[in-house]
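Colleague: Go ahead and model the full structure; you've got the sequences and the hints to work with.
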Amino acid sequence: MHLDMYILYSPDWHYCSTMPTFLFLYGVVFAAIHSVVRFEIGFEVHYVILCLFYIPRMYKYYIYTQDVYAKRLAKLYVATLLRGSLCWLNDNVFCIEISSWPINPQGHALWHLFMGFNSYFVNTFLMFCRAEQRG
Numbered sequence: 074m075h076l077d078m079y080i081l082y083s084p085d086w087h088y089c090s091t092m093p094t095f096l097f098l099y100g101v102v103f104a105a106i107h108s109v110v111r112f113e114i115g116f117e118v119h120y121v122i123l124c125l126f127y128i129p130r131m132y133k134y135y136i137y138t139q140d141v142y143a144k145r146l147a148k149l150y151v152a153t154l155l156r157g158s159l160c161w162l163n164d165n166v167f168c169i170e171i172s173s174w175p176i177n178p179q180g181h182a183l184w185h186l187f188m189g190f191n192s193y194f195v196n197t198f199l200m201f202c203r204a205e206q207r208g
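Going by our numbering, the sequence shown opens with residue 74, and the numbers climb by one from there.
Honestly, the hints are just simulated from the structure, not real lab data.
There could be a bad hint or two in this list.
Have a look at the derived ranges for each label pair, beta carbon to beta carbon [to be verified]:
1. V101 to I171: 33 to 39 Å
2. R207 to I171: 44 to 50 Å
3. G208 to Y142: 15 to 21 Å
4. L186 to S90: 33 to 39 Å
5. L125 to V166: 15 to 21 Å
6. A182 to A104: 19 to 25 Å
7. L159 to P93: 30 to 36 Å
8. S90 to P175: 54 to 60 Å
Predicted model, so just to flag it, every value in this text is computed and none were measured.
Just so you know, even glycine gets a beta-carbon here, dropped at the ideal spot from N, CA and C.
Modeller: Structural data, given as structure tokens:
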């Protein structure tokens with residue numbers, strides 16, 4: 074995820090080592106705090122917030138991209154982010170009610186499924202955009 078953020082925002086940073094250092098330290102600090110505190114809801118919320126940071130820069134790439142298939146990847150990125158977040162939220166809020174159903178839809182498992190596709194779509198779209206920039 075930090076690699077995607079570096080690819081998206083690195084052209085705007087004036088110092089070459091600042092952003093990788095910041096992202097590395099951010100990841101280490103978050104991992105250390107997460108291992109001690111054991112965020113329950115915070116981890117998923119944090120992941121969605123990081124994904125939302127992508128959207129402004131991806132929109133910039135989206136409006137300049139002429140390729141229909143690349144635009145579809147960007148739309149699928151947003152769709153899987155929203156669907157995965159809704160699955161997790163429904164599972165978290167309605168856990169007691171859902172667990173009594175005859176068939177449990179496993180919202181947390183669907184979260185992982187949608188976020189896996191989400192990561193694939195964002196990486197593929199960014200690779201296309203970087204290749205288009207480099208010619």
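Colleague: Run the structure past the numbered hints and jot down the numbers of the failing ones, going up.
Modeller: Going through the list in order, the structure violates no hint and respects every one.
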